[in-house]
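Colleague: Each protein sequence line maps, in turn, to chains Z and H. For the first sequence, the tail end lands on 244 under this note's numbering, and the numbers increase by one without skipping. For the second sequence, the tail end lands on 268 under this note's numbering, and the numbers increase by one without skipping.
Honestly, the hints are just simulated from the structure, not real lab data. For every residue, glycine included, the Cβ atom is placed at its ideal position computed from N, Cα and C.
Within a straight-line C-alpha distance of at most 27 angstroms, the following computed BS3-like cross-link-like pairs (lysine-lysine) qualify:
#1 H:Lys25 with Z:Lys144
#2 Z:Lys76 with Z:Lys224
#3 H:Lys96 with Z:Lys22
Sample of chain H residues facing chain Z (criterion: CB under 8 angstroms; computed from the structure):
#4 Ile32
#5 Pro33
#6 Glu34
#7 Ile35
#8 Tyr36
#9 Glu111
#10 Tyr112
#11 Asn115
#12 Trp146
#13 Glu149
#14 Ile150
#15 Asn151
#16 Ile152
#17 Gly153
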Amino acid sequence: MKKKKNLEGYKQRGKRFIPPLKQLPGIREYSYVNDMLPELIWLGLIHDRMSYNFGARTLETVVGVTKKWPKLDNPKNFATQSAYADITEGQKSEIKNAWNKHSLLNEIQHALAPLVLLYDNFSLSFVGPPSSLISQEVLIQRMKQCVRKHLNKYETPGIVLLGTIMLTRLMAGTIKFAANLDIPDFNSVIEKPETDEAKRAAAFLRSSSMAEFGLLSLKNIWPKYFWNRGAELSRCEYPENTLL
Amino acid sequence: MTDEQSKNIDKFLSDYCNIIVAGFKERWDNYIPEIYHNEISEVIGGLAARQATLAIEIARNPGIWNGHIAPIILRCMTDTHITLAWILDSPLERSKEYIRFGLGQEKLFIEYLQNEIDQIPDGEIDEVEQLIEIRKAWLNSQLLEWAIEINIGSWSGKSTREMAIEAGCESLYKFAYVPFSGPAHSMWQHVGIYNVIQCNNPLHKQHKIPIIPSLGIEPDYLYRSSKYVSRTYILISEKLDLKCDVPLPIIFFDNNFPFQNSNEAINC
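Please build the complete structure, drawing on both the sequences and the hints.
Modeller: Structure below.
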């Protein structure tokens, strides 16, 4: 048997060996944790407090409102928090009123309280604070739990979070699948997460959402602020039984 | 060495190690890490912790305070300091490059292991496969394998001398890094002094014959390591604007070393 060469497929440029996929032109790298999670975590807070279904209704209401707005050259995806950064005050009111009309607003305010009250630049802060007082300690704790739960894009909460990008497009009717395409059942991710069907659906959601995210070309202002704010809010924590 | 002297040195070494840890901890506690570009704090914190670890390990092992072993560690400490000082001049770009280089080296090693697996005796294949899996998992937890470039040059694109000059550590390079490189690489300037001796047989043209000498303890090596770790602490305090009330290890050494001078310690 012919022996495989070391670094097969790599291309040498000076003293560097470039892997095959990075030789392709126009490749841009996005990180789920670094860039996508901060954009989607507001929905994670809603999923945590209420349910995945409630999160879907939240997005559905936004899509219903924004469908009437003038078309943009670069369409937004309202699953991302940055999509709300430069909408007008009037448009913010429209969304808030729609959530209120569908009896969603109160729970959204409670769910998003950590982001509204602890993160100055959160673009959905127009929802306003919750009706009851919550201590900073509790808010930080909730944020920590939520981020920890959604850190892994291969586990259900992370998969669902990524799926909201595609879900929003489906709701808006801006994405269509060819009739001959064998689309997996997306509900299986939540209902039967251990099955092959769920794994196929998860892979489909991950790849399509990551591709869509790349097309949105969002700036990294919010992700950068979000992660660095985390360092201001709470100190490093060493794992148990680890001494500095 | 009397019992009392032994107790004194034990206490000194224990307190000295505690000072190194406390100095690191206080500085780190005052530091707010950049989380989005996490490479910066990971590399700076990791290298500073590495320097502290080396200083502590020297202190805990007086048996290596000799010309055979101590210079190897001291050379590593000077290298660590120069690397850190150079990275701190452009933290984002250089810490990323430092990490990428390390991941590339790991990827290359995994390739070597995978491609040689058919040469491995049957009984050891499982163990090697497990080793490959563990190393791959570490690699993929940071950057997916398909995105890892391999650099077979210097990680920084520069020699250590150039890095030292750029980072304002030229004297450290000239008077510590260079002389300690001899023992670290077992070069003749070290081996010719420590591991050969002139043969007494006049018929042998005064050639040199190998020796394995047993050397005594020289606390000066510990002193030098206290100097290097202190230099690193000063560097991170200045560059990252970190206040620290814990005395520097070298100050602690000067004020608390239980012998009047190194000779007294050597003669004990």
